[in-house]
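Below, each chain spelled out in residue letters.
2 protein chains.
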Amino acid sequence: MDNFTFYAPTYFAFGKETENEAGKYVKRFGGSRVLIHYGGGSVIRSGLLDRVKRSLEAEQLAYVELGGVKPNPRSGLVYKGIDLCRKENIDFILAVGGGSAIDSAKAIAAGALYSGDFWDYYEGKAVEEALAIGTIITISAAGSEGSADSVVTKEEGMFKRATTGEALRPKFTIMNPSLTQTLPAYQTACGITDIIAHLYERYLTNTKEVEVTDRMIEALMLTMIHEGPKVMEDPDNYEARANIMWAGMMAHNNSCGVGRTQDWTSHDIEHELSALYDCAHGAGLAVVMPAVFSYNMKHNVMRFAQAAVRVWGCQMDFEQPEKTALAGIEALRQFLISIGMPKNFHELGAKKEDIEKLAHTACYGDVNTGTLGGFVTLNQKDVENIYRLMV
Amino acid sequence: MDNFTFYAPTYFAFGKETENEAGKYVKRFGGSRVLIHYGGGSVIRSGLLDRVKRSLEAEQLAYVELGGVKPNPRSGLVYKGIDLCRKENIDFILAVGGGSAIDSAKAIAAGALYSGDFWDYYEGKAVEEALAIGTIITISAAGSEGSADSVVTKEEGMFKRATTGEALRPKFTIMNPSLTQTLPAYQTACGITDIIAHLYERYLTNTKEVEVTDRMIEALMLTMIHEGPKVMEDPDNYEARANIMWAGMMAHNNSCGVGRTQDWTSHDIEHELSALYDCAHGAGLAVVMPAVFSYNMKHNVMRFAQAAVRVWGCQMDFEQPEKTALAGIEALRQFLISIGMPKNFHELGAKKEDIEKLAHTACYGDVNTGTLGGFVTLNQKDVENIYRLMV
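Just so you know, the protein sequences line up as chains A and B, in that order. Going from the first sequence to my numbering is simple: count from 1 and add 1046. Going from the second sequence to my numbering is simple: count from 1 and add 1046.
Because the hints were derived from the structure by calculation, they are not lab data.
Any copy, or any two copies together, can satisfy a pair, since identical chains are not distinguished.
Derived lysine-lysine pairs resembling DSS-like cross-links, with alpha carbons at most 25 Å apart:
#: 1; residue 1: Lys1062; residue 2: Lys1254
#: 2; residue 1: Lys1427; residue 2: Lys1344
#: 3; residue 1: Lys1254; residue 2: Lys1276
#: 4; residue 1: Lys1217; residue 2: Lys1070
#: 5; residue 1: Lys1062; residue 2: Lys1099
#: 6; residue 1: Lys1217; residue 2: Lys1073
Using the sequences and the accompanying hints, generate a full structural model.
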C-alpha cells in the first residue's frame, strides 16, 4: 500500500426532510451571505428551491440566486457566479442539484477568492482557498458532494477538465433520497453508471496487495448491482434510493481509493464525448467502459477475473482466466444495457468520423501531454482503437 | 434506512515514517502546549517516543509527558492527566499507543475543560467540549483513532463504561503499519478480534434493506479473514498490516454503521470480563461472540446465514437455513482459535462461580437499567445463560 493522507471533513445529514435544515447548517458552518446555485426546472418545480429559501430565511440568512447550470457545466456561468459573489459579498455557496451544480459551485468558490482566471485551477494550478460550500443533492451520481473534485467545461475550445483541492470539499451535504424519486429513469441510470465508473477507476490499480480497498470497492459495486435494478423498476423505492445515495458518496470520497494507483482512463475518454456531443456523462461512460476494459484487459487478466468472480458472480475458469475476465466485462455491459444505457456510438449520438479528433483532443488538447491512463499508458493510436470498439 | 448524520473530520496520515510528522500536524491543528500520553515499555523501547519528541521540538512545541496507561485504562490516571493539563496549560493531547492510550486521552481531554467529575460523561452526560487530540497508533484494534468513542474503567467498583461525543474525534491520526510489527502475536490477534467484533456489532441490525452498509461490513470482515492469518504467520508483513490498519479504522469510524440499529451486546458482556479479570478486551470478545451469536441466532436466522455465506464462504442450506447460520458462527469460532485466541472461560482466566455477579453487573451495575442489547433485548437471566455457554 502506498503512503497516503485522507481527510474528508464533510458533515452529512441523511434522510427524509433534511433539506429543511439547510439554513441551520449554513449558519453552523459560518455562512451569512449565501449564493444559492442550481440548474433549473425540477429544483423549482418540485418546490425544493422554495423550501431551501424558507430554511435560510428562518435563520435570517441573506441570499442571492444563480440558476441555469447545465449538465457538463460551463465556464461562462462560473465567471458570472464569481462576479456575483464579489458584488454581493457572498461568503457561502449552497449548491442545489447534481454534480453539475456542485462542480460549478466549486469553481465559483475557488474563483471568487482568486485574482487570476479560475480556469488556471483546471490547468494544473493548486487550489489553495475557496469560499465555503454546502450541497443539497438531487441525484446520486457524481459523488462531488463528498469529494474535493470538480469538473468544468471551458466553452472556448470545449475542453472538459478536472481539478481537485481540499478547499473544495463541501462543509456539509444534505442527502434526502426522496429528492431523487422524481428523476427521469434515464438520469437515474446515468447516475448508477457514473457511480460504477468511479469504482472501476479505483479498482484498476497497479498497486499490489490492497485487499481492504479492493473489498470496499467490490462491496459498493455489489450494492449498485443489487439496488440499481430496484429503482429502475420502482422509482419510488426509497430504501433502494437510500442505499444508492450512500454508496455514491462512499464511491468517490476516496476512502476506498487510498494508497493505490487509480486509472481514470474511462473518464478522460468520456469527457471528450460529453464535451463534443453534450451527452450525459453517465451515458458516455456506459459506452466507454466496456471498450476501455476490453482493450486493457491483457495488462492484468487476474484483476478483471477477480471483479468477474467477486462482483459479477462469474465462475472462475482456472485454465483460461481470460475467459472469466471477459465474462465480467460482458456482464457489466449487459447490466448497463438492462438499465437503459446506450451501448455504442450510434445510440449515444457520437460519430465515427470524429474519432481521430476525439483521440487527439484526449491526448493533446489543452494541457494534455500525449498519453493518458493510470492503469495502462495509452497514446493517441490506442485511444483511437478504443473509440473504434464503441462504433 | 434510518435518518442519520455522519461527520468524521479526522485527518489521516498513513504509511511509513509518518510519525516523524507529528509535530507538523499538532501545529496545523492549533496545538502549542502538548501532553504526550502513552502506556509504557514498547513505546519507549522502540524509540518511538523519542522520535515523537524530536518531531515536536522541531516545531518548537512545548510538551509534558504522562505515561503509564494500562490496558482497560483506569480513571485514576485520567484524574492525574486532568490535573496536569490544567497545571501546564495544555491545549493539545497527543496519544501514542493503542485504544487504551487514546481512550484515556479522550477522557482527559473532556475532563480538563469540565468543572465537574469527568466520570459524569461515562454515566450519560453529553460531551460538549474537549481539548484537541491527535493520535499515533501502535496497534490495529480499537478504531478509537477515527471514532468519537472512549471506554474507561472506574476503579471504584471496576465499572467499565463508554461515552461518545463529536468533540472526542481526533484532529489527526498517524498510522504507520510498521509500528505494529513488533507487537506480541497475542496482542495482534486480540486486535484482529476487536475489529471483527466492531463489524459484527454493526452487522446485527434490526433495520431492513441496508445493503450498502451490509456489504461494506462484509468487505471489511473479508479483509480481516484474508489478511489476519498473514500477519499471524509473518509479523513483518507490512502489506497485511497496512490492510488491517485501514480496515480497523473503517470498521469503527461508523461509515459502515450509519442509518441502522446496532447491537453492542458482545461488548457489554465482554466489558464485565475485562473489568473483573483484566483480560485483554479482544481475548474476551473471542470467547463472548460465539456464545452471544448462538444465543441470539433464532432472532434472525437469515442474517446469520447471510454472514455465513457472504463472509465465511459457507454453502447455503436452503431447506435448513439455521444450519448455515450455525456453520457461520462455528467458522468464526474456528478462525479465532486459529489465530491463538482463547475459546472458553478457563482459557480466559474467568470463573464459572462469578457468572451471576457478572450478569448482574452487566444488567444493573452503575447506571444500567436491567437489560442490554440492540439486536435482542436480554435480561439478567439471558446474560447468565450466555456466560454459561462460554464455560
